[in-house]
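Top to bottom, those sequences are chains S and U.
For the record, in the first sequence the residue sitting at position 89 is 92 according to the working numbering, with numbers rising by one throughout.
For the record, in the second sequence the residue sitting at position 114 is 391 according to the working numbering, with numbers rising by one throughout.
Take these hints with a grain of salt, some might be off.
In silico lysine to any residue, SDA-like type, Cα no more than 20 Å apart, as pairs [what the hints assert, rightly or not]:
{"hint": "1", "chain 1": "U", "residue 1": "285", "chain 2": "S", "residue 2": "31"}
{"hint": "2", "chain 1": "U", "residue 1": "285", "chain 2": "S", "residue 2": "41"}
{"hint": "3", "chain 1": "U", "residue 1": "285", "chain 2": "S", "residue 2": "28"}
{"hint": "4", "chain 1": "U", "residue 1": "285", "chain 2": "S", "residue 2": "38"}
{"hint": "5", "chain 1": "U", "residue 1": "370", "chain 2": "U", "residue 2": "454"}
{"hint": "6", "chain 1": "U", "residue 1": "525", "chain 2": "U", "residue 2": "514"}
{"hint": "7", "chain 1": "U", "residue 1": "481", "chain 2": "U", "residue 2": "452"}
{"hint": "8", "chain 1": "U", "residue 1": "280", "chain 2": "S", "residue 2": "43"}
{"hint": "9", "chain 1": "U", "residue 1": "285", "chain 2": "S", "residue 2": "40"}
{"hint": "10", "chain 1": "U", "residue 1": "280", "chain 2": "S", "residue 2": "38"}
{"hint": "11", "chain 1": "U", "residue 1": "285", "chain 2": "S", "residue 2": "39"}
According to the in silico footprint, chain S covers these stretches of chain U (three or more CB under 8 Å from chain S) [unchecked claim]:
{"hint": "12", "stretch": "311-318"}
{"hint": "13", "stretch": "321-331"}
These aren't lab readings, by the way, just hints derived from the structure by calculation.
Ideal Cβ positions, reconstructed from N, Cα and C, are used throughout, including at glycine.
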Amino acid sequence: MHLDFTWMAWTWPTAGFFLGILFLLVCMGVWEYVSPGGNPRVGILRFETTRGDRLFISLLGAAFIHIAWLGLMDASLWWALLLSLGYAICVFLFV
Amino acid sequence: MEKTWNNKAWFMVLPVLVLVAFSAVIPLMTVVNYSVQDTFGNNEFFWNGTQWFSELLRSQRFWDSLSRNLIFSGVILALEIPLGILIALNMPKKGVWVSVCLVLMALPLLIPWNVVGTIWQIFGRTDIGLFGYVANSLGFDYNYVQDPVDAWFTVIIMDVWHWTSLVVLLCYASLVSIPDAYYQAAKIDGASRLAVFRYIQLPKMRRVLTIAILLRFMDSFMIYTEPFVVTGGGPGNSTTFLSIDLVKMALGQFDLGPAAAMSIVYFLIILLLSWIFYTVMTASDAQN
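Take these sequences, add in the hints, and give me the full structure.
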């Protein structure tokens, strides 16, 4: 069987993006294996979140930060990435 | 009893994972790939970076169709949810009329979207349509082809006609599951009809209502076929919702890159709203 994926129009940056997500998921899997239970707690959002929830909130927030940056700013998108990282750290610490 | 943990059970999820990958993840990845490139067909792509996103987020066209879509979803939720509750409360709980009512309620749900669109497209016509003809005979200047307000009215009434039944059936199912003892207790306490609704029926319906609102929101936010068949997005652009605009862009203009960028923003909005909704629902459940 010959699999042809050219119709998916892959590029290195998008492949890197998806590999990054996959890497994060694998890391979460390892983290869960090392310390099971997902570390549920009630943070500043006043409802219980696990590590998985916090990752989801971080990724979704990062997507919106990037979109807002593209819509409002003309500066480099790397700043949005930096902002998203800061946001993700805050989410993992306080949410 | 101690819960048994068996992580091998995760392998049972594999078939679903493969199916979801095939039907959702791979197409989504393709859309992401398209959104950063330009094409002139023939499966040839050129790198364009985040240009499509910047253009989209600064275009009036996108914000216009997004706000039209949000207004549409808001209006149909404001109509369908109270109407659905009202009908469910007044449906018979026992006897032969139960089945009659249930079948009548289920009928609109069984009709495919494009057929619903065609029904209303003809129903609203001023020359041969019953509704359009009667409205004009009564002196109303109704013409959904030319007047944006009439077009909106038609699309909203059509959605209410098609989907209120879903809210009714969900609410009805939860209403009949309330034990009689609750009503007897309310009677002994001398509770008014309003108090029975407020303190017994509404709390019991809360879960299904949340599901109904979520379903109706997502469905109305993605609505395509019905307004497309009835108004085609017109007159002008007055009923061009996000999905109609998206299809115009992707298939009409063959602008795959901008359309892919729009799809991703569209998807993120739905994801965010659904997540907020789901979280509010589960968090308040946990509190109870």
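Against the structure, the hints come out as follows:
1. A threshold of 20 Å between alpha carbons decides the hint, and for residue 285 of chain U with residue 31 of chain S the separation of about 18 Å falls inside it, so the pair holds.
2. Between residue 285 of chain U and residue 41 of chain S the CA atoms are separated by roughly 18 Å; this keeps the pair inside 20 Å, and the hint holds.
3. This hinted pair checks out: residue 285 of chain U and residue 28 of chain S have alpha carbons roughly 19 Å apart, not beyond 20 Å.
4. A hinted pair counts as satisfied when its Cα atoms are at most 20 Å apart, and residue 285 of chain U with residue 38 of chain S qualifies at roughly 18 Å.
5. A C-alpha spacing of about 10 Å is found between residue 370 of chain U and residue 454 of chain U, which places the hinted pair at or below 20 Å, so the restraint holds.
6. For the suggested pair residue 525 of chain U and residue 514 of chain U, the alpha carbons sit about 11 Å apart, so the restraint of at most 20 Å is met.
7. With a C-alpha separation of about 7 Å, the suggested pairing of residue 481 of chain U with residue 452 of chain U holds against the 20 Å cut-off.
8. A hinted pair counts as satisfied when its Cα atoms are at most 20 Å apart, and residue 280 of chain U with residue 43 of chain S qualifies at roughly 18 Å.
9. For the suggested pair residue 285 of chain U and residue 40 of chain S, the alpha carbons sit about 17 Å apart, so the restraint of at most 20 Å is met.
10. A distance of roughly 18 Å separates the Cα atoms of residue 280 of chain U and residue 38 of chain S; the hinted pair therefore holds under the 20 Å criterion.
11. Straight-line distance between C-alpha atoms of residue 285 of chain U and residue 39 of chain S comes to about 15 Å, which keeps the hinted pair within the 20 Å bound.
12. For the stretch 311-318 of chain U, the stated coverage by chain S holds: 4 residues have a C-beta nearer than 8 Å to a C-beta of that chain, and at least 3 were required.
13. For the stretch 321-331 of chain U, the stated coverage by chain S is satisfied: 5 residues place a CB nearer than 8 Å to a CB of that chain, which reaches the threshold of 3.
The structure agrees with every numbered hint stated previously.
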